[in-house]
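Number of protein chains: 2
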Amino acid sequence: MPLNIPRTIEWVENKVRLINQLKLPYALEYIETGDWRRVAEAIRTMEIRGAPAIGVAAAFALALATIHSSARTLSETLKELEECAEALKRTRPTAVNLFWAVSRVLDEARKAAEIEDLRKRVVETALMIQRIDEEANRMIGNYGEKLIENGDTVMTICNAGSLATSYYGTATAPLYVAQEKGTKFRVIALETRPYLQGARLTAWELKQAGIEVKVVTDNAIGIVMQKERVDLVITGADRITSKGYVANKVGTYPLALVAKEHGVPFYVAAPTSTFDLSIEKGEEIPIELRPSEEVTLMFGKRITPEGVDAIYYAFDVTPPKLITGIITEKGVLYPPFDKSIKRVLL
Amino acid sequence: MPLNIPRTIEWVENKVRLINQLKLPYALEYIETGDWRRVAEAIRTMEIRGAPAIGVAAAFALALATIHSSARTLSETLKELEECAEALKRTRPTAVNLFWAVSRVLDEARKAAEIEDLRKRVVETALMIQRIDEEANRMIGNYGEKLIENGDTVMTICNAGSLATSYYGTATAPLYVAQEKGTKFRVIALETRPYLQGARLTAWELKQAGIEVKVVTDNAIGIVMQKERVDLVITGADRITSKGYVANKVGTYPLALVAKEHGVPFYVAAPTSTFDLSIEKGEEIPIELRPSEEVTLMFGKRITPEGVDAIYYAFDVTPPKLITGIITEKGVLYPPFDKSIKRVLL
Numbered sequence: 000m001p002l003n004i005p006r007t008i009e010w011v012e013n014k015v016r017l018i019n020q021l022k023l024p025y026a027l028e029y030i031e032t033g034d035w036r037r038v039a040e041a042i043r044t045m046e047i048r049g050a051p052a053i054g055v056a057a058a059f060a061l062a063l064a065t066i067h068s069s070a071r072t073l074s075e076t077l078k079e080l081e082e083c084a085e086a087l088k089r090t091r092p093t094a095v096n097l098f099w100a101v102s103r104v105l106d107e108a109r110k111a112a113e114i115e116d117l118r119k120r121v122v123e124t125a126l127m128i129q130r131i132d133e134e135a136n137r138m139i140g141n142y143g144e145k146l147i148e149n150g151d152t153v154m155t156i157c158n159a160g161s162l163a164t165s166y167y168g169t170a171t172a173p174l175y176v177a178q179e180k181g182t183k184f185r186v187i188a189l190e191t192r193p194y195l196q197g198a199r200l201t202a203w204e205l206k207q208a209g210i211e212v213k214v215v216t217d218n219a220i221g222i223v224m225q226k227e228r229v230d231l232v233i234t235g236a237d238r239i240t241s242k243g244y245v246a247n248k249v250g251t252y253p254l255a256l257v258a259k260e261h262g263v264p265f266y267v268a269a270p271t272s273t274f275d276l277s278i279e280k281g282e283e284i285p286i287e288l289r290p291s292e293e294v295t296l297m298f299g300k301r302i303t304p305e306g307v308d309a310i311y312y313a314f315d316v317t318p319p320k321l322i323t324g325i326i327t328e329k330g331v332l333y334p335p336f337d338k339s340i341k342r343v344l345l
Numbered sequence: 000m001p002l003n004i005p006r007t008i009e010w011v012e013n014k015v016r017l018i019n020q021l022k023l024p025y026a027l028e029y030i031e032t033g034d035w036r037r038v039a040e041a042i043r044t045m046e047i048r049g050a051p052a053i054g055v056a057a058a059f060a061l062a063l064a065t066i067h068s069s070a071r072t073l074s075e076t077l078k079e080l081e082e083c084a085e086a087l088k089r090t091r092p093t094a095v096n097l098f099w100a101v102s103r104v105l106d107e108a109r110k111a112a113e114i115e116d117l118r119k120r121v122v123e124t125a126l127m128i129q130r131i132d133e134e135a136n137r138m139i140g141n142y143g144e145k146l147i148e149n150g151d152t153v154m155t156i157c158n159a160g161s162l163a164t165s166y167y168g169t170a171t172a173p174l175y176v177a178q179e180k181g182t183k184f185r186v187i188a189l190e191t192r193p194y195l196q197g198a199r200l201t202a203w204e205l206k207q208a209g210i211e212v213k214v215v216t217d218n219a220i221g222i223v224m225q226k227e228r229v230d231l232v233i234t235g236a237d238r239i240t241s242k243g244y245v246a247n248k249v250g251t252y253p254l255a256l257v258a259k260e261h262g263v264p265f266y267v268a269a270p271t272s273t274f275d276l277s278i279e280k281g282e283e284i285p286i287e288l289r290p291s292e293e294v295t296l297m298f299g300k301r302i303t304p305e306g307v308d309a310i311y312y313a314f315d316v317t318p319p320k321l322i323t324g325i326i327t328e329k330g331v332l333y334p335p336f337d338k339s340i341k342r343v344l345l
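Chains as they are written, first to last, in numbering that gives the first Met the number 0: chain A, 0 to 345; chain B, 0 to 345.
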């Protein structure tokens, strides 16, 4: 049975249609636009978020720019496209997929012989980027689904869901495939302070798909494993080193540590594009330190006394010794990760 | 130099004066009343919270009841007092200190020979309960202070602070004594979802006392130990078994696990009245499961989609193998805890 998983971003009749994620879970509203600047705005203001989804959005923005361009020559069109690419790269500085998608589209555009050819190449490349992402997630789902059994409880953190990608998500793909196959299981989603992506986004999209989901505060990881049966943890990843150190949303590392202590298998789901073979150790991954206000202000209300700031690292690093397996579109990788990662990627 | 630590609750000219903790950290407002029902109301609505503070409040409420009683005979006065005690016991069902304080006052009242003697005994017992709590905390502070060195960073969770007790707090007592002695250190307070006692209360009272404090989200325990130097963790406790299993605010157990992984000493600060020698294992401690809405509603705004509930255990259990020492008013207890606890308590 096909699940009700709304499309995060689509290319519809030369326009882009995307879910305004800032409105979730309160309302499902779409932004539909033919203006690439509006898509750039959506990336900057986090109306769309999640590294793969941002990559697709940037590629679609470039496609809109070429289609609605009034440039008369090929070189003028290409120049416009490059200016648009620069503007897009300034929207979010950290999402690797955005830079990758923009380069890929530009490379293809530069091969064009004339304007119409350029437009065709850009639109097709953008659609291909979306398709590749969706297919990788579907494969992650197929491999990961085998880990989920009837009656299982699966924990996850943040939103490595369909909303963060073109479709299916990474950590959520095994859940969706299991649900399609009729497996009965439930999910416990960590709320994931400060942005509450678990409570707002993961809970919303799983509920849409008919999957049973409960939310817990981030500090509940210990008592939930003490009191409830948890069979499996699946998280996403923002970057994985050649030795299998995983940078992901802050809170992933303590979750892995508690899972290990309780003998609960801990899986990371990520496409192979998430691997960074240029680095080995966790300490080499740059960890983004974000503004204090993102923690101290909730719904515009201050939660700390005036003059007391927060320290807000947006990610943490889980060492390979705590990871049972890494679910990729090419199969599940197992320890020793330095070997299994190289085998699949090189 | 005396610190600026506001008094949580005081007996002033036959009235009770207490800080309205629901207004913190936005405003420091006091409730002053001669009516024991108003004190009961303050306990029920959490205007005053923290097990030791609730015990003192209940004792003071009984004192108000006898002082402002219009009963003409000793037996009438005692009957009124017992009715008042029953009403107080219904305010918060879980705080052990409340029941202990109420029994202690009633036992003393029953020894009275006439009305004036009863009033005197009740007021004196209530004041003694407050004094004993404050003295125990001061001793915890003296023992615990020796663990804090110049330049240290100390982490804590929730509010086991002065606001939760008569004065000084339990986990905060070593910090206050160190500050009085001029030791330079800083504190990282976990915000402690869902009620944010760390962000709202601990940050507020430490700042009042001139102690440097930063707040982090509860899921930051891993990355903070990966990126910042943390020298010491001190938490409070709600109940400690004869073998040293510690029930405390949800999030304490993962914090202890991360501390152990990073070689950071993990101390629990609690008066000996927190020990429950009738049970041995962690599983024997009842863990309060509270309403979903306390997690899903923040400042009255829903954070999960309609139809998605939370699982909210208010406490978790830290096993003795993760605990470096337990700071009591009789000294610091070290492993093996089954022996050191018995030595001090029996």
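These aren't lab readings, by the way, just hints derived from the structure by calculation.
Because the structure is a prediction, the values reported are computed rather than measured.
Wrong hints could be hidden among the right ones.
Stated by the list, open to error - Below, a sample of chain A positions facing chain B; criterion: calculated Cβ distance under 8 Å:
hint, residue
1, 190
2, 219
3, 262
4, 292
5, 296
6, 300
Glycine included, each C-beta is placed from N, C-alpha and C at the ideal position.
Right, here's what the structure says about each hint:
no.: 1; hint: 190; in the structure: holds (7 Å)
no.: 2; hint: 219; in the structure: holds (6 Å)
no.: 3; hint: 262; in the structure: violated (14 Å)
no.: 4; hint: 292; in the structure: violated (12 Å)
no.: 5; hint: 296; in the structure: violated (11 Å)
no.: 6; hint: 300; in the structure: holds (5 Å)
Checked against the numbered hints above, the structure breaks hints 3, 4, 5 and satisfies the rest.
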